[in-house]
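Residue numbers (the working numbering), protein chains in the order written: chain A, 79 to 453; chain S, 67 to 250; chain Z, 3 to 170; chain D, 789 to 1179.
Possibly wrong hints are sitting among the right ones.
On the chain A side, residues computed to face chain D include the following (Cβ under 8 Å) [to be verified]:
| id | residue |
| --- | --- |
| 1 | D207 |
| 2 | A210 |
| 3 | H283 |
| 4 | R285 |
| 5 | I287 |
| 6 | F320 |
FRET-style restraints, in silico, Cβ to Cβ [claimed, not checked]:
| id | chain 1 | residue 1 | chain 2 | residue 2 | range |
| --- | --- | --- | --- | --- | --- |
| 7 | D | L929 | S | R229 | 52 to 62 Å |
| 8 | D | R928 | S | D156 | 14 to 24 Å |
| 9 | D | W1135 | A | E266 | 51 to 61 Å |
| 10 | S | I231 | D | R858 | 48 to 58 Å |
| 11 | S | P116 | A | P280 | 21 to 31 Å |
Calculated from the structure, these hints are not laboratory results. A virtual CB, placed ideally from N, CA and C, is assigned to each residue, including glycine.
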Amino acid sequence: MSTMNLEPVPGRTDEMIVNMGPQHPATHGVLRVVLGLEGERITRAVPHIGYLHRNHEKIEEARTYPMVIPYTDRMDYVSGTQNELPFVLAIEDMLGVEVPDRARKIRTMFFELFRLASHLVWMGTAMLDLGAISPFLYTFWDREIILGIVEKTAGARMLPNYYTFGGVRRDVHPDFFKEVADLLDHLERRMVDYEHLVLESPVVHARTIGVGVLSKERAIARGVSGPVLRASGVAYDVRKAFPYDAYPDVEFEIPTSPDGDTYARFWVRFQEMYQSIRILRQLLELTPKTGPFKGKAPARIKPPAGERYRAVENSRGELGVFVISDGTDKPYRVKHRGAAFSNLQIIPDLFIGAKFSDAIAILSSLDPVFGEIDR
Amino acid sequence: MGLLGSDERPRDVILGTLDDLINMARSRSMWPLTFGIACCAIEMMATWDPKIDADRFGMFFRNTPRQADVMIVSGTVNKKLAKRLRRLYDQMAEPKWVISMGACANQGGPFRQGYSVVEGVDKIVPVDVYIPGCPPRPEALLQALLLLRDKIADRELRYKKPREIPADYEIMAEPGKDGRIPVL
Amino acid sequence: MELRLKQERLFDEDIYTVHPEDYRALCEKLKADGFDFPRAVSGIDTGYGLRVTLHLTRLHDRAKVTVRTDVRYENPVVASVTDLWPGVEWYEREAYDMLGVRFSGHPDLRRILLEDEWELHPLLKRYDTGGYPIPGWEPKAWPDPDPWTPPPPPEPEAGEAGEGGEAS
Amino acid sequence: MSQIPIPEDRHFRPRLFGYDPQKSRPWLERAVYSAYVFVFWLLVITTYAGVPALFGALGWDSGWGFVFMRALQVVLLFLLSAVLALLLILVLRKYLGKVQERFGPMHYGPAGGIQTIFDALKLLAKEDFVPAAADVLTFRLAPAVTFVASFAMFAVIPFASGWVLADTNVGLVYLIAVSTLSTYGVLLGGVSSGNKWALIGALRAGAQMVSYEIPLALVFLTVAVWSGTLSLSGIVDAQLGLWNFLPLALPFVLYVIASLAELKHIPFDFPEAESELIAGYNVEYSGMSFAFFFLAEFVELFLLPALIVVFFFGGWHGPLFGLEPGSLAAGALESLYFTLKTAVWVWIFLWIRATLPRYRDDQLMEFAWKAMIPLALFGLVLAAYMRLIWR
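Looking at chain A on its own, in the form it has when it is part of the complex:
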């Protein structure tokens, strides 16, 4: 079998087979898509992944439970602590550990902070893919502020290894609440500019409206989740469907759009950022300034034999983990359900028939992160 997995059709001379990636500025990492191009129109598309396969699942079988958490961090590396939560929740379920209320709220605050950070990275890179240079620099500047807040508390910028069984590793920095409040004020001002630059730009309209339409039925059947699913009109959000941590205590909406096109995916991510700001505002009020930040977890984590699937709604969709314990201090099997992994499967559905430039816009609206896809 050819390594391209896309053979030229004999006798067909109007189709050109183009290899896009793994080094391509618009693939958000190391995706490789082999495209059949007829002029600018895509006739065939075969995605290839695995260029960042880092044997997460095998190596996690050889690590003790607390040592697995930093590995989960490195999956969806744009959204930091969000990856730790499903694993932590699953083990807490198996151990029966109680998490203090304050710890739940702190976890949720970090969760939403990283959602904002991840969507900011998405916005910058998506606009870069569409050809605009400046929004990338603006969003990264805002992201730096979020990472600065995270770093003050957790000690690391991107991959903080902050959650632990029964709460969080250490108490928040004394400035934390004030800084988050300042950040939200700042972001609310900036979101106005971002709307002008992205959602209201006529060029963005021309490039995205009606491009890459994903129907509701197809989205569900393909197992797509997160903003991509909600942009197709399905109000499925793990935060509402299977609430975890402090989400039952806060009010927020699930933005959905019936259109299912690239612009709808852009729009849903924007609305999610507004919802994140809203959740964080409520949590600033609700979270006690002092109190316990960690419950009583056993010193040596040894869950009873059994299995547990837990999922959270991370920036890209349903991020799940399926843990099997055999009663020892190392997991028998850890299976990660990557949201971006599922979302990326729709590449052939959306690419075929689209223009090559559209394919770039569609890919940026799927927002893949390869740490999670290839694991």
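Position chains S, Z and D against the provided structure of chain A, taking the given hints into account.
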């Protein structure tokens, strides 16, 4: 890297001065290749954001390897990617340099023992500067870029080249621990 | 037809353990029951055989089920459910890649994360983290009491195909 | 936000007068730009006034002497375009920095002023690579064709009254012919590279040219009809009382859009769509060949705004403060006006570049064929009618 492709250090005064000038220009106009691999790629992008802004030092990304001078290996290189990475390195026009960013690119990082991970990108391409960290901060990458600049500008250092690796080097044939070859 | 299965409740999920020959029939039944959202397919090396676990959600009432089925190392064939839920296509490819589970009826059963030429199925417990065979590793005996009659041992030619799948 | 420690810039810090390269100095940046513009202006004066005066004084302004004079002027113009490219690349990077809340190049030279010289030197000494699949002759020829085609446009650009290399009465026809040629260089380069991305980029360049060339030519025709001449100096002279952008508002807008397309400039940079085609037609070019593409791009980034000024903004016209028209001082002042007006338009183009995303290539084609050509025809008829009534 010598003057116009030669690897010998010129002994002549005039040529030597020209050599200094050219290498000064090279050191002050290093264009990295847009090649993000993993977590470190986000920090690599953050090095060009307004907070750090490596463009102050005349560095900006080129997408095609032909026009790039520096390859920043930003992330874990696995055995599937290794061939492609080496190919990209071979496609870059001389003179070229490599920065190994982060623990994964240096020696495999937290994934070191894994079956699919190359334990150090210096098994595939010659590396000039290593940056520790998982992931390194943007400041660390900027420091590495400035170290590389100093290396190119320095009369002695620029002729001290890292170990050359043949282009047909097969990472699959590399024996692992105890000299055993893994089942692949 | 009576399906050979066990049902249990674990946390908020229904767990069905099903005979591999009835796996496909159960999945069709679940699909007809309205389980529309495929979460994941995981392959597990249980030490005595391979297990395929299918996680499904019903979106409108948020019911979750997990279907699991065990096959022997010698004949790791499970029916593919890609036509019922197209979203499991890559997960089944991943399970094939990592453990060598063959999904019969899968449209495009290739390796997905590793390279096509590789022979390693790295998540098998007979290999250590680096992909080296663990000396002296022996499969465990099939658990007793047996929940069902295990699938028959493969035919000689099918057995050879099974050998390739294990890559021992 | 806390102050981030920035690694010390050890090698290129002049220690005189406590100079700190890490501080932004707007006055220094302005001084650097002014220095570049001053050099540019001096070169313009030397080319168009100094050289003819020298040759006239020596009595060599006819026969072979005239040929030598023109050759010298062309060499000076080449120097001038190099200065222009160095300046424009620097300005682009600094301006993008301004828009993006950062500094841009600032460490090498005063306010980053010699950054682009380093870039040029580096490209000069970089390996000039020819891929095995390339057609060597065409591959080598393409950057030269692109550059020469852009450079040849200088011949008819009037920097001041009488300051033009060839004040031909078919200046507009010449411009149409020559400006189209630069796309041929792009086409040749892309097709001969033996790379699929370069091929797509080249084909896009071809398709794009077919779309914008017709409205561009129609606008040229409108200007010619309105001014009653095909000579560029004549067009500028005809605008003495009223600059063309007022009566010819519609053709003016169309011309700006078409020149964005001709420049392959955001939002129409399809042949070199960085995030789609990696680097488009120049994906296989390195070193000096690539530098020539770059040079051509930035020379055009001066020339097309210069043409906007010539056609619609009165060219070199401006208050002369009682200087005698035709004298050296008046010419110098006029060429300064011309340069500054062009600078404003270059700035507008850079502003667009810093702000907008990219359209899709078929959208430009659709817009050009369905909107721009009818509008340009309408503008042409309107201009002809207005001329009949008012002149």
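Verification of the hints:
Interface restraint check for D207/A: the shortest CB-CB distance to chain D comes to about 5 Å, inside 8 Å, so the restraint holds. Interface hint status for A210/A: upheld, as the beta-carbon distance to the closest one in chain D is roughly 4 Å, under 8 Å. The closest approach between the C-beta of H283/A and any C-beta of chain D is roughly 10 Å, which is over the 8 Å cut-off, so the hint fails. About 6 Å separates the beta-carbon of R285/A from the nearest beta-carbon of chain D, less than 8 Å, and the hint is met.
This hint is violated: I287/A has a C-beta 12 Å from the nearest C-beta of chain D, more than the 8 Å allowed. The criterion of a C-beta within 8 Å of any C-beta in chain D is not met by F320/A, whose closest approach is roughly 37 Å, and the hint is violated. A hinted range of 52 to 62 Å for the beta carbons of L929/D and R229/S is inconsistent with their spacing of about 40 Å. Checked against the given bound of 14 to 24 Å, the beta carbons of R928/D and D156/S, roughly 22 Å apart, stay inside it.
For the pair W1135/D and E266/A, the supplied restraint of 51 to 61 Å is violated, since their beta-carbon distance comes to about 32 Å. Take I231/S and R858/D: their Cβ atoms lie about 55 Å apart, and the range 48 to 58 Å holds. A hinted range of 21 to 31 Å holds for the C-beta pair P116/S and P280/A, which are about 26 Å apart.
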